Amino acid sequence: MRKSHPVRRAVLAGAATVSGIVLLLSLKPASDPGSAQAAGQAPPAAAGQAPQGGVNGAVTGDAAQTQYGAVQVRLTMNNGKITQAEAVQAPKGGRSDQITADSVPRLNQAAVAAQSAEIDAVSGATYTSAGYKKSLQSALDKAKASAGAQQGSGNAQTLTGDVAQTQYGPVQVRVTVAGGKITKAEAVQAPKGGRSDQITSSSVPRLNQAAVAAGNADIDAVSGATYTSAGYKKSLQSALDKAPAGGGSSQAAGSGGGGQAAGSGGGRAATQTLTGSVAQTQYGPVQVRVTVAGGKITKAEAVQAPKGGRSDQITSSSVPRLNQAAVAAGNAQIDAVSGATYTSAGYKQSLQSALDQAGG
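Residue numbers for the sequence shown follow the numbering used here, so the first one is 329 and each next one is one higher.
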(Lines of atoms letter the chains of each structure in order from A; the text may use other names.)
(Lines give C-alpha, C1' and ligand atoms only; values in the text may rest on other atoms or scores of the structure.)
Protein backbone atom coordinates (compact mmCIF):
# COMPACT_ATOMS: atom_id res chain seq x y z
CA MET A 329 0.00 0.00 0.00
CA ARG A 330 1.37 3.37 -1.03
CA LYS A 331 2.20 5.70 1.86
CA SER A 332 1.46 9.42 1.78
CA HIS A 333 4.45 11.63 1.50
CA PRO A 334 5.13 13.66 4.71
CA VAL A 335 5.38 16.94 2.82
CA ARG A 336 2.10 16.28 1.05
CA ARG A 337 0.36 15.56 4.38
CA ALA A 338 1.64 18.83 5.79
CA VAL A 339 0.34 20.81 2.80
CA LEU A 340 -3.08 19.19 3.04
CA ALA A 341 -3.30 19.86 6.79
CA GLY A 342 -2.32 23.51 6.29
CA ALA A 343 -4.95 23.97 3.58
CA ALA A 344 -7.64 22.49 5.85
CA THR A 345 -6.68 24.86 8.65
CA VAL A 346 -6.84 27.92 6.39
CA SER A 347 -10.25 26.83 5.04
CA GLY A 348 -11.57 26.49 8.60
CA ILE A 349 -10.38 29.98 9.55
CA VAL A 350 -11.98 31.49 6.43
CA LEU A 351 -15.24 29.72 7.22
CA LEU A 352 -15.26 31.03 10.81
CA LEU A 353 -14.57 34.59 9.66
CA SER A 354 -17.38 34.41 7.12
CA LEU A 355 -19.80 33.51 9.91
CA LYS A 356 -18.85 36.52 12.09
CA PRO A 357 -21.76 38.98 12.25
CA ALA A 358 -21.20 42.40 10.71
CA SER A 359 -20.92 45.01 13.44
CA ASP A 360 -19.81 48.18 11.66
CA PRO A 361 -21.81 50.32 9.20
CA GLY A 362 -19.69 49.24 6.25
CA SER A 363 -20.11 45.53 6.87
CA ALA A 364 -23.82 45.93 7.62
CA GLN A 365 -24.32 47.63 4.29
CA ALA A 366 -22.32 44.92 2.53
CA ALA A 367 -24.54 42.30 4.16
CA GLY A 368 -27.60 43.92 2.63
CA GLN A 369 -28.71 45.90 5.69
CA ALA A 370 -29.61 49.54 5.13
CA PRO A 371 -27.56 52.07 7.12
CA PRO A 372 -29.38 54.60 9.31
CA ALA A 373 -31.04 57.33 7.25
CA ALA A 374 -29.31 60.70 7.41
CA ALA A 375 -31.24 63.83 8.28
CA GLY A 376 -33.00 65.27 5.25
CA GLN A 377 -32.58 62.08 3.26
CA ALA A 378 -35.45 60.79 1.13
CA PRO A 379 -37.56 58.69 3.51
CA GLN A 380 -37.72 54.98 2.78
CA GLY A 381 -40.81 52.95 3.53
CA GLY A 382 -43.11 52.91 0.53
CA VAL A 383 -43.87 56.60 -0.07
CA ASN A 384 -45.28 56.83 -3.60
CA GLY A 385 -46.65 59.62 -5.75
CA ALA A 386 -46.10 63.36 -5.89
CA VAL A 387 -45.18 65.53 -2.91
CA THR A 388 -45.06 69.32 -3.20
CA GLY A 389 -42.92 71.36 -0.84
CA ASP A 390 -43.89 74.71 0.62
CA ALA A 391 -43.15 77.77 -1.50
CA ALA A 392 -39.90 79.40 -0.39
CA GLN A 393 -39.83 83.17 -0.83
CA THR A 394 -36.56 84.60 -2.16
CA GLN A 395 -35.36 88.09 -3.04
CA TYR A 396 -36.27 87.47 -6.67
CA GLY A 397 -39.47 85.45 -6.32
CA ALA A 398 -40.93 82.23 -4.97
CA VAL A 399 -39.40 78.79 -5.47
CA GLN A 400 -41.49 75.65 -4.98
CA VAL A 401 -40.38 72.08 -5.60
CA ARG A 402 -42.46 69.02 -6.44
CA LEU A 403 -41.04 65.51 -6.06
CA THR A 404 -42.21 62.29 -7.63
CA MET A 405 -41.39 59.38 -5.35
CA ASN A 406 -41.39 55.63 -5.82
CA ASN A 407 -41.05 53.41 -2.76
CA GLY A 408 -39.52 56.27 -0.81
CA LYS A 409 -36.99 57.31 -3.45
CA ILE A 410 -36.94 60.53 -5.47
CA THR A 411 -37.44 59.61 -9.12
CA GLN A 412 -38.12 63.12 -10.40
CA ALA A 413 -37.76 66.67 -9.12
CA GLU A 414 -39.19 69.81 -10.68
CA ALA A 415 -39.70 73.44 -9.76
CA VAL A 416 -43.37 74.35 -10.10
CA GLN A 417 -42.47 77.92 -9.14
CA ALA A 418 -39.24 79.79 -9.80
CA PRO A 419 -38.16 83.44 -10.21
CA LYS A 420 -39.11 84.91 -13.56
CA GLY A 421 -38.90 88.14 -15.48
CA GLY A 422 -35.84 89.91 -16.89
CA ARG A 423 -32.52 88.43 -15.84
CA SER A 424 -34.30 85.85 -13.65
CA ASP A 425 -35.57 83.97 -16.71
CA GLN A 426 -32.04 83.13 -17.82
CA ILE A 427 -30.86 82.22 -14.31
CA THR A 428 -33.89 79.99 -13.74
CA ALA A 429 -33.51 78.25 -17.09
CA ASP A 430 -29.86 77.52 -16.34
CA SER A 431 -30.02 76.60 -12.65
CA VAL A 432 -33.28 74.74 -12.10
CA PRO A 433 -32.53 71.73 -14.36
CA ARG A 434 -29.19 71.32 -12.56
CA LEU A 435 -30.86 71.55 -9.16
CA ASN A 436 -33.44 68.98 -10.26
CA GLN A 437 -30.71 66.56 -11.28
CA ALA A 438 -28.82 67.16 -8.05
CA ALA A 439 -31.90 66.41 -5.94
CA VAL A 440 -32.47 63.08 -7.65
CA ALA A 441 -28.78 62.18 -7.42
CA ALA A 442 -28.42 63.16 -3.74
CA GLN A 443 -31.81 61.85 -2.61
CA SER A 444 -31.80 64.66 -0.07
CA ALA A 445 -31.72 68.45 0.24
CA GLU A 446 -27.97 68.40 0.82
CA ILE A 447 -27.11 69.69 -2.65
CA ASP A 448 -24.67 72.34 -3.82
CA ALA A 449 -25.88 75.77 -4.86
CA VAL A 450 -25.56 76.58 -8.55
CA SER A 451 -22.97 79.27 -9.19
CA GLY A 452 -24.64 82.57 -10.08
CA ALA A 453 -28.01 81.42 -8.69
CA THR A 454 -27.47 81.72 -4.95
CA TYR A 455 -30.98 82.88 -4.02
CA THR A 456 -32.75 80.43 -6.34
CA SER A 457 -30.60 77.58 -5.02
CA ALA A 458 -31.33 78.47 -1.39
CA GLY A 459 -35.06 78.66 -2.06
CA TYR A 460 -34.97 75.39 -3.98
CA LYS A 461 -33.21 73.57 -1.14
CA LYS A 462 -35.66 74.96 1.43
CA SER A 463 -38.72 73.88 -0.55
CA LEU A 464 -37.08 70.52 -1.35
CA GLN A 465 -36.50 69.91 2.35
CA SER A 466 -40.13 70.70 3.17
CA ALA A 467 -41.26 68.21 0.50
CA LEU A 468 -39.03 65.54 2.05
CA ASP A 469 -40.39 66.39 5.50
CA LYS A 470 -43.95 65.91 4.23
CA ALA A 471 -43.02 62.57 2.65
CA LYS A 472 -41.40 61.46 5.90
CA ALA A 473 -44.47 62.44 7.90
CA SER A 474 -46.71 60.61 5.45
CA ALA A 475 -44.56 57.48 5.67
CA GLY A 476 -44.65 57.60 9.45
CA ALA A 477 -48.42 58.02 9.44
CA GLN A 478 -48.83 55.05 7.10
CA GLN A 479 -46.62 52.85 9.26
CA GLY A 480 -48.44 53.78 12.46
CA SER A 481 -51.91 54.79 11.39
CA GLY A 482 -53.19 53.98 14.84
CA ASN A 483 -51.00 56.66 16.43
CA ALA A 484 -52.22 60.15 17.23
CA GLN A 485 -51.60 62.84 14.62
CA THR A 486 -51.43 66.59 15.13
CA LEU A 487 -52.68 68.49 12.09
CA THR A 488 -52.62 72.28 11.71
CA GLY A 489 -55.01 73.85 9.24
CA ASP A 490 -54.30 76.71 6.88
CA VAL A 491 -54.86 80.25 8.13
CA ALA A 492 -58.35 81.46 7.26
CA GLN A 493 -58.56 85.23 6.85
CA THR A 494 -61.73 86.84 8.21
CA GLN A 495 -63.01 90.40 8.37
CA TYR A 496 -61.74 90.69 11.95
CA GLY A 497 -58.50 88.76 11.74
CA PRO A 498 -57.00 85.33 10.97
CA VAL A 499 -58.26 82.04 12.37
CA GLN A 500 -56.15 78.88 12.42
CA VAL A 501 -57.10 75.53 13.94
CA ARG A 502 -54.99 72.63 15.16
CA VAL A 503 -56.50 69.21 15.83
CA THR A 504 -55.27 65.95 17.29
CA VAL A 505 -56.64 62.86 15.55
CA ALA A 506 -56.31 59.36 17.00
CA GLY A 507 -57.99 56.21 15.76
CA GLY A 508 -59.78 58.24 13.10
CA LYS A 509 -61.41 60.55 15.65
CA ILE A 510 -60.75 64.15 16.66
CA THR A 511 -59.58 63.97 20.27
CA LYS A 512 -58.63 67.63 20.66
CA ALA A 513 -59.22 70.90 18.80
CA GLU A 514 -57.76 74.32 19.49
CA ALA A 515 -57.48 77.68 17.78
CA VAL A 516 -53.84 78.70 17.49
CA GLN A 517 -54.92 81.99 15.92
CA ALA A 518 -58.16 83.93 16.42
CA PRO A 519 -59.34 87.56 16.08
CA LYS A 520 -58.19 89.77 18.94
CA GLY A 521 -58.31 93.37 20.09
CA GLY A 522 -61.32 95.35 21.30
CA ARG A 523 -64.67 93.61 20.92
CA SER A 524 -62.97 90.63 19.24
CA ASP A 525 -61.36 89.53 22.52
CA GLN A 526 -64.75 88.92 24.10
CA ILE A 527 -66.18 87.19 21.03
CA THR A 528 -63.14 84.94 20.71
CA SER A 529 -63.07 83.94 24.37
CA SER A 530 -66.75 83.07 24.21
CA SER A 531 -66.95 81.33 20.82
CA VAL A 532 -63.67 79.46 20.38
CA PRO A 533 -64.10 77.03 23.32
CA ARG A 534 -67.56 76.16 22.00
CA LEU A 535 -66.22 75.63 18.50
CA ASN A 536 -63.46 73.40 19.89
CA GLN A 537 -66.02 71.27 21.70
CA ALA A 538 -68.24 71.10 18.63
CA ALA A 539 -65.33 69.91 16.45
CA VAL A 540 -64.51 67.08 18.84
CA ALA A 541 -68.17 66.10 19.19
CA ALA A 542 -68.88 66.16 15.45
CA GLY A 543 -65.59 64.62 14.38
CA ASN A 544 -65.57 66.81 11.26
CA ALA A 545 -65.94 70.40 10.07
CA ASP A 546 -69.71 70.24 9.71
CA ILE A 547 -70.41 72.24 12.86
CA ASP A 548 -72.84 75.03 13.62
CA ALA A 549 -71.69 78.63 13.78
CA VAL A 550 -71.72 80.25 17.21
CA SER A 551 -74.36 82.96 17.48
CA GLY A 552 -72.77 86.40 17.43
CA ALA A 553 -69.47 85.03 16.04
CA THR A 554 -70.35 84.44 12.40
CA TYR A 555 -67.00 85.43 10.90
CA THR A 556 -64.92 83.64 13.53
CA SER A 557 -67.05 80.51 13.12
CA ALA A 558 -66.71 80.55 9.33
CA GLY A 559 -62.94 80.96 9.56
CA TYR A 560 -62.71 78.23 12.19
CA LYS A 561 -64.64 75.75 10.05
CA LYS A 562 -62.54 76.57 7.00
CA SER A 563 -59.23 76.08 8.82
CA LEU A 564 -60.57 72.95 10.56
CA GLN A 565 -61.48 71.43 7.20
CA SER A 566 -58.04 72.16 5.79
CA ALA A 567 -56.46 70.46 8.82
CA LEU A 568 -58.55 67.34 8.28
CA ASP A 569 -57.70 67.38 4.59
CA LYS A 570 -54.04 67.00 5.52
CA ALA A 571 -54.59 63.62 7.14
CA PRO A 572 -52.82 60.99 4.96
CA ALA A 573 -55.07 58.87 2.76
CA GLY A 574 -56.31 55.88 4.71
CA GLY A 575 -54.93 57.35 7.93
CA GLY A 576 -58.28 58.19 9.50
CA SER A 577 -61.90 57.18 9.53
CA SER A 578 -64.75 58.80 7.69
CA GLN A 579 -65.67 60.61 10.92
CA ALA A 580 -62.57 62.81 10.95
CA ALA A 581 -62.07 63.13 7.23
CA GLY A 582 -64.31 66.07 6.50
CA SER A 583 -67.88 67.21 6.31
CA GLY A 584 -70.69 65.95 4.15
CA GLY A 585 -69.56 62.34 4.22
CA GLY A 586 -66.50 63.12 2.14
CA GLY A 587 -64.29 61.10 4.41
CA GLN A 588 -60.94 59.69 3.58
CA ALA A 589 -62.05 56.18 4.39
CA ALA A 590 -65.68 56.48 3.46
CA GLY A 591 -67.36 53.36 2.22
CA SER A 592 -66.90 49.78 3.22
CA GLY A 593 -64.20 49.11 0.68
CA GLY A 594 -61.68 51.70 1.93
CA GLY A 595 -58.39 51.74 0.04
CA ARG A 596 -58.65 52.72 -3.60
CA ALA A 597 -62.44 53.05 -3.52
CA ALA A 598 -62.29 55.57 -0.64
CA THR A 599 -63.62 59.09 -1.02
CA GLN A 600 -61.21 61.88 -0.11
CA THR A 601 -61.70 65.60 0.32
CA LEU A 602 -58.45 67.39 -0.46
CA THR A 603 -57.75 71.12 -0.18
CA GLY A 604 -54.89 72.54 -2.19
CA SER A 605 -52.39 75.15 -1.07
CA VAL A 606 -53.29 78.80 -1.55
CA ALA A 607 -51.96 80.10 -4.87
CA GLN A 608 -51.22 83.82 -4.81
CA THR A 609 -52.10 85.69 -8.01
CA GLN A 610 -51.84 89.32 -9.09
CA TYR A 611 -55.51 89.83 -8.21
CA GLY A 612 -55.83 87.74 -5.06
CA PRO A 613 -55.49 84.20 -3.69
CA VAL A 614 -56.98 81.10 -5.28
CA GLN A 615 -57.54 77.86 -3.37
CA VAL A 616 -59.20 74.72 -4.67
CA ARG A 617 -60.87 71.83 -2.85
CA VAL A 618 -61.63 68.57 -4.65
CA THR A 619 -63.46 65.38 -3.81
CA VAL A 620 -61.80 62.27 -5.20
CA ALA A 621 -63.47 58.84 -5.32
CA GLY A 622 -62.18 55.73 -7.02
CA GLY A 623 -59.20 57.70 -8.31
CA LYS A 624 -61.43 60.24 -10.10
CA ILE A 625 -62.32 63.85 -9.31
CA THR A 626 -66.04 63.89 -8.55
CA LYS A 627 -66.27 67.50 -7.40
CA ALA A 628 -64.11 70.63 -7.59
CA GLU A 629 -64.70 74.01 -5.99
CA ALA A 630 -62.77 77.20 -5.33
CA VAL A 631 -62.82 78.00 -1.62
CA GLN A 632 -60.89 81.19 -2.34
CA ALA A 633 -60.86 83.32 -5.50
CA PRO A 634 -60.11 86.96 -6.42
CA LYS A 635 -62.88 89.34 -5.42
CA GLY A 636 -63.73 93.02 -5.47
CA GLY A 637 -64.46 95.25 -8.45
CA ARG A 638 -63.85 93.66 -11.83
CA SER A 639 -62.61 90.46 -10.15
CA ASP A 640 -66.11 89.56 -8.96
CA GLN A 641 -67.36 89.27 -12.53
CA ILE A 642 -64.30 87.36 -13.73
CA THR A 643 -64.47 84.94 -10.80
CA SER A 644 -68.21 84.27 -11.19
CA SER A 645 -67.71 83.57 -14.88
CA SER A 646 -64.48 81.56 -14.83
CA VAL A 647 -64.53 79.48 -11.65
CA PRO A 648 -67.60 77.34 -12.54
CA ARG A 649 -65.97 76.54 -15.90
CA LEU A 650 -62.67 75.65 -14.22
CA ASN A 651 -64.53 73.42 -11.77
CA GLN A 652 -66.22 71.59 -14.63
CA ALA A 653 -62.93 71.26 -16.51
CA ALA A 654 -61.20 69.76 -13.47
CA VAL A 655 -63.87 67.09 -13.07
CA ALA A 656 -63.88 66.32 -16.79
CA ALA A 657 -60.08 66.10 -17.09
CA GLY A 658 -59.49 64.32 -13.80
CA ASN A 659 -56.23 66.25 -13.36
CA ALA A 660 -54.77 69.76 -13.40
CA GLN A 661 -54.01 69.75 -17.13
CA ILE A 662 -56.92 72.03 -18.01
CA ASP A 663 -57.17 75.00 -20.33
CA ALA A 664 -57.17 78.54 -18.97
CA VAL A 665 -60.45 80.43 -19.27
CA SER A 666 -60.20 83.28 -21.74
CA GLY A 667 -60.06 86.63 -19.94
CA ALA A 668 -59.15 84.96 -16.63
CA THR A 669 -55.49 84.11 -17.15
CA TYR A 670 -54.30 84.79 -13.60
CA THR A 671 -57.27 83.13 -11.93
CA SER A 672 -56.87 80.08 -14.18
CA ALA A 673 -53.15 79.78 -13.43
CA GLY A 674 -53.76 80.02 -9.68
CA TYR A 675 -56.62 77.53 -9.91
CA LYS A 676 -54.46 74.98 -11.72
CA GLN A 677 -51.60 75.41 -9.24
CA SER A 678 -53.84 74.91 -6.20
CA LEU A 679 -55.65 72.03 -7.91
CA GLN A 680 -52.34 70.28 -8.55
CA SER A 681 -51.28 70.69 -4.94
CA ALA A 682 -54.59 69.15 -3.82
CA LEU A 683 -54.07 66.17 -6.12
CA ASP A 684 -50.49 65.82 -4.87
CA GLN A 685 -51.89 65.08 -1.43
CA ALA A 686 -53.64 62.04 -2.87
CA GLY A 687 -50.38 60.93 -4.50
CA GLY A 688 -51.89 61.45 -7.94
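FYI, nobody ran anything at the bench for these hints, they're computed from the structure.
Fair warning: there could be bad hints in the mix.
[Claimed, not checked] Straight line, CA to CA, 25 Å or less: simulated PhoX-like cross-link-like pairs of lysine-lysine:
{"no.": "1", "residue 1": "462", "residue 2": "509"}
{"no.": "2", "residue 1": "462", "residue 2": "512"}
{"no.": "3", "residue 1": "509", "residue 2": "570"}
[Said to hold, decoys possible] Just the calculated beta-carbon pair ranges, DEER-fashion:
{"no.": "4", "residue 1": "551", "residue 2": "407", "range": "44 to 54 Å"}
{"no.": "5", "residue 1": "608", "residue 2": "516", "range": "32 to 42 Å"}
{"no.": "6", "residue 1": "673", "residue 2": "516", "range": "37 to 47 Å"}
{"no.": "7", "residue 1": "522", "residue 2": "656", "range": "44 to 54 Å"}
{"no.": "8", "residue 1": "548", "residue 2": "488", "range": "19 to 29 Å"}
{"no.": "9", "residue 1": "546", "residue 2": "526", "range": "50 to 60 Å"}
In this text, all values refer to a predicted model and were calculated from it rather than measured experimentally.
Here a beta-carbon is modelled for each residue, glycine too, at the ideal position from N, C-alpha and C.
Just to be careful, I want the Cα atoms of residue 462 and residue 509 compared with a cutoff of 25 Å; is the pair within it? The given pair, whose Cα atoms are some 33 Å apart, is violated under the 25 Å limit.
Is the straight-line distance between the alpha-carbon of residue 462 and that of residue 512 25 Å or less? Judged against 25 Å, a Cα distance of about 31 Å means the pair is violated.
Range hint compliance [Cβ, residue 673 to residue 516, 37 to 47 Å]: violated, 31 Å
Quick one: are residue 551 and residue 407 within 44 to 54 Å, going by C-beta? holds, 52 Å
Compare the distance between the alpha carbons of residue 509 and residue 570 with 25 Å, and conclude whether the hinted pair is satisfied. holds, 14 Å
State, for the Cβ atoms of residue 546 and residue 526, whether the hinted interval 50 to 60 Å holds or is violated. violated, 26 Å
Consistency of beta-carbon spacing, residue 656 to residue 522, with hint 44 to 54 Å: 48 Å Cβ-Cβ, so the 44 to 54 Å window holds.
For residue 548 and residue 488, compare the CB-CB distance with the range 19 to 29 Å and indicate the outcome. holds, 23 Å
Using the Cβ atoms, figure out if residue 608 sits within 32 to 42 Å of residue 516. Roughly 22 Å apart at Cβ, these two residues miss the hinted range, so it is violated.
Against the hints set out earlier in the document, violations occur for numbers 1, 2, 5, 6, 9.
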